[in-house]
Amino acid sequence: MAGTIVADTLTHSTAGSLATNYVVEGTPNYRIQYNGSTNAVNDSLNHSSFTDNGTGDYTLAFTNSYTGTSYSCVGANRSPGGVAGGPDQFDHSASSVRNYLFNSSISSYDGTQASVIISGDLA
Amino acid sequence: MTPDFTGTHLWDRLCWAKEHLEPHQSDYRVVYEDSIDECAKILAPDPNWMACALAGGILPPVWVYWELAKDEAQPGFKKHTRGYLLHETEPVGPMTEEEAIEYLIQKDVPQHVWQNWDEGNRPKMVICRKGQLPQTREWRNAWRISDELAA
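Same order as they appear, the protein sequences are chains A and B. Quick note on numbering: our numbering labels position 94 of the first sequence as 442, and the sequence is numbered without any gaps. Quick note on numbering: our numbering labels position 97 of the second sequence as 98, and the sequence is numbered without any gaps.
Don't read these hints as lab results, they were simulated from the structure. It is possible that some hints are incorrect.
[Said to hold, decoys possible] The following label-pair restraints were derived from C-beta to C-beta distances:
hint, chain 1, residue 1, chain 2, residue 2, range
1, A, H360, B, T137, 52 to 58 Å
2, B, D148, A, G416, 40 to 46 Å
3, B, K19, A, N383, 49 to 55 Å
4, A, T362, B, T82, 38 to 44 Å
[Stated by the list, open to error] The calculated lysine to aspartate or glutamate pairs, modelled on EDC-like cross-linking and capped at a C-alpha distance of 16 Å, are:
hint, chain 1, residue 1, chain 2, residue 2
5, B, K131, B, E98
6, B, K79, A, D469
7, B, K131, B, D38
8, B, K80, A, D469
9, B, K19, A, D469
10, B, K131, B, E99
It should be emphasised that the depicted structure is a prediction, and the values quoted were computed from it without experimental measurement. A virtual CB, placed ideally from N, CA and C, is assigned to each residue, including glycine.
Whenever a hint applies, use it, and build me the whole structure from the sequences.
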């Protein structure tokens, strides 16, 4: 296939070798940046829909599901007045994750610039 | 035009789409109530996903997701073993925007909502335009499907 390099190992002249499965499996395979106030998705990959469950409470659904729920996810909230936000490790499945945003009073809050990145084994 | 992706890993298809398709911002929203104790929820389609649906040849048939959901609902589920369904099932062809919304409802809205959305005293789900939603988020956690909209 044009533009494809098939290799199991990358070797540097002095620094050693790296198995390419670390590169493939370690690359984030889901990402989203969204506005929780307008429900607008600014950018995404492997994302099918965004569900606004209420103030500061969102469900993010994947197009390519994961093998299970052992994927790693991190969230960020860069919204004005927002201090925290993150995926709920107890409320996620192989096909979606729930993300919450909070303000400086640790109250639910509709952040205007939230993001989530996930890395894990795809189904 | 979408290449022939039959047998290509879904992830690779999504990466191709991200690079080659223009995101499509849909004006449709799906409002649903899946619990009497919670406010109405609002589903918005992803622009990149919608581009895949309109282009065709990228997304698997929606029944593939139902099969995976069945597996995940089994007691003691730990890991998907039928992920190949996502990659090896022939992708669906181009959809209209309305067909894409129907597909998305059947994929991402809880089955107990869309399977009997019109049973009971009032509808549990409504497809509407973005402009039909409240213009501010005041009292967001008390929003319900209005009887007027449901009619």
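| Checked against the structure, which of the hints given earlier come out wrong? | Going through the list in order, the structure violates hints 3, 7 and 9 and respects the others.
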